[in-house]
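Visitor: Listed below are the residues making up each chain.
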Amino acid sequence: MTDAPAASPQPLLSVQALEGWYGESHVLHGMTFDVASGEVVSLLGRNGAGKTTTLRAIIGVLGKRRGSVTCAGVETIGMPARSIARLGVGYVPEERGIFAGLSVQENLTLPPKLRPGGMDLEQIYRLFPNLKERARSPGTKLSGGEQQMLAIARILRTGSKLILLDEPTEGLAPVIVERIAEVIQRLKADGYTIILVEQNLRFAQSIAGRFVVVEQGRVVDAISNESGCRLHQLHAYLGV
Amino acid sequence: MSTIFGIPSNALFSQLLVGLINGSFYAMLSLGLSIIFGLLNVINFAHGAMYMAGAFVAWILLNEAGIGYWWSLLLAPLVVGLFGAAFERLLLARLYKIDHLYSLLLTFGLALIIQGSFRQVYGSSGLPYAIPAALSGGQKLPFMFLPNYRAWVVVASLSVCVATWLLIEKTKLGAYLRAATENPALVEAFGVNVSLLRTMTYAFGVGLAGLAGVLAAPIYSVSPSMGADTVIVVFAIVVIGGMGSILGSIVTGFGLGLIEGMTKVFYPQAASTAVFVIMALVLIMKPAGLFGRAS
Ligand SMILES: Nc1ncnc2c1ncn2[C@@H]1O[C@H](COP(=O)(O)OP(=O)(O)OP(=O)(O)O)[C@@H](O)[C@H]1O
Ligand SMILES: [Mg+2]
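Sequences listed follow chains R and P, in order.
Each residue of the first sequence is one higher than the one before, counting from 1 in the working numbering.
Each residue of the second sequence is one higher than the one before, counting from 1 in the working numbering.
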């Protein structure tokens, strides 16, 4: 079923038989996949497949989860979200989660530094010059694209090397999508490990090394970006 | 004697002062209630009891240990805050995941227990607490006599309110508080200990109430019921200012104290209902409160 090789003996993140619930409703039914250090993996699937829920379960903000999620060899299934984050996991939520009551700069510096090696404010502003100009305005006064950049930028300060990115291009103009693609390419080159949830297949193909296809809370396929002949199947999976 | 709108001016000014004093307590109390509500989503019915407890701690420190007013200003809020922290950790924190009604009932029960305990030990008649020597006497102003202690209360309360506002709006800790008030799960997902932040916020909020209690002790007598009456007005003020709004609590606290004082001069019959009439009007015209963000 899977032609993507298990990347390295000890994956950075290993998700095994992960189950997840919203209250009574059972949404994840045994998600299983690995992510090697330095890899960019894209979670693909139709609306409601459970991609966002998977990221929420990995970072630990989902109310109820079961199974196994190990991060750098540490089992996190019993941990609160803050402890998982401190293992070096950065979360960029689908709704972006910019705080209205905080200025752009406060939003940017809110997540505490968790590990050494994060970017400093100057580097971040060089990468996202718009944010510097708007540093003092309220976070939610930014445009959608700027808010997305802010949501990514604030994670880069923390030193997290595993980044969960939920639909960073959703609803954004093509020029902004290009900017975000550049940023993610740059992160990839810097050795970040990224789980990218995407609906935009072209965008995902330009960045991801591997695609994990999700349907109804399960992984139904995994396809390497090199296996040209199977890539057309992705269209079928997404129904496009 | 000069008059303003047919009212003797010294009567007017002394009511203004009474309004300002009441406003000082309203502001400090509603400020604490407001930050607690913002982050914990708990309507802290024990707030009046914490205010009363602050006054009693000061009284006990003085009469049992000979520790005077100035030390009490520091120690009583600390005692009340630590008690609050323990209460939040051990009991209140267990209820966040279920209906908010339960936390409201728990704090209401706590208020009754605290009040009952003090009544049991100290009786329900008020106990006197002397004005500290350094603040006795007063200033003879051209239009009225201004007791030093009352002036001090207004200045102290204003300073505490401004300092709290700065803490919340200008510091990193305040940024955590503001962010967690909006989206606690995300702040937690950034590695911040939001549970600890809740405990600290509850302790700080009730500590403010305890401090208000110490300031109040020399003005009103120290009695188990002193918080119960005040806190009803304070709830109305929090609603008027806008649930969870820091600036709203401060401005509305002082403002409503003054309005209440003025009502006493111009239409005494309405003095105790004015706040509630205003609350009703605000709820009709601006349901989120004067300073609240409509959600
Ligand atoms: N807060 C919630 N409460 C209850 N059910 C939810 C909640 N959020 C999502 N769901 C349900 O869980 C399932 C998976 O949702 P999820 O958001 O993970 O999908 P997704 O793959 O991210 O979809 P999309 O591409 O639309 O973002 C869906 O059936 C959805 O209706
Ligand atoms: Mg989603």
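Accuracy of the hints is not assured; some may be wrong.
Pairwise CB distance ranges, derived in the manner of DEER restraints [as the list claims (entries may be wrong)]:
no., chain 1, residue 1, chain 2, residue 2, range
1, R, Val175, P, Arg293, 27 to 37 Å
2, R, Gly117, P, Asn41, 45 to 55 Å
3, P, Arg293, R, Gln216, 37 to 47 Å
4, R, Gly63, P, Leu146, 50 to 60 Å
5, P, Leu173, R, Thr32, 53 to 63 Å
6, P, Leu78, R, Gly63, 34 to 44 Å
7, P, Val162, R, Val175, 56 to 66 Å
8, R, Asp190, P, Leu281, 52 to 62 Å
9, P, Phe108, R, Lys132, 28 to 38 Å
10, P, Asp99, R, Glu94, 23 to 33 Å
11, P, Met285, R, Ala135, 51 to 61 Å
12, R, Ala236, P, Phe108, 52 to 62 Å
13, R, Gly78, P, Val162, 35 to 45 Å
No wet-lab data here; the hints were simulated from the structure.
Where a beta carbon is used, it is the ideal one built from N, C-alpha and C, also for glycine.
Visitor: Against this structure, judge whether each hint is valid.
Guide: Now the hints, each set against the structure:
1. Val175(R) / Arg293(P): 27 to 37 Å: holds, 32 Å
2. Gly117(R) / Asn41(P): 45 to 55 Å: Since the Cβ atoms of Gly117(R) and Asn41(P) sit about 37 Å apart, the hinted range of 45 to 55 Å is violated.
3. Arg293(P) / Gln216(R): 37 to 47 Å: Given range 37 to 47 Å: holds, Cβ gap about 38 Å.
4. Gly63(R) / Leu146(P): 50 to 60 Å: holds, 57 Å
5. Leu173(P) / Thr32(R): 53 to 63 Å: Between Leu173(P) and Thr32(R), where Cβ atoms are some 41 Å apart, the hint is violated.
6. Leu78(P) / Gly63(R): 34 to 44 Å: holds, 36 Å
7. Val162(P) / Val175(R): 56 to 66 Å: violated, 45 Å
8. Asp190(R) / Leu281(P): 52 to 62 Å: For Leu281(P) against Asp190(R), whose Cβ atoms are near 58 Å apart, the range 52 to 62 Å holds.
9. Phe108(P) / Lys132(R): 28 to 38 Å: Violated - the Cβ-Cβ distance for Phe108(P) and Lys132(R), about 49 Å, lies outside 28 to 38 Å.
10. Asp99(P) / Glu94(R): 23 to 33 Å: holds, 28 Å
11. Met285(P) / Ala135(R): 51 to 61 Å: violated, 36 Å
12. Ala236(R) / Phe108(P): 52 to 62 Å: holds, 59 Å
13. Gly78(R) / Val162(P): 35 to 45 Å: Given range 35 to 45 Å: holds, Cβ gap about 44 Å.
Checked against the numbered hints given earlier, this structure breaks hints 2, 5, 7, 9 and 11; the rest are met.
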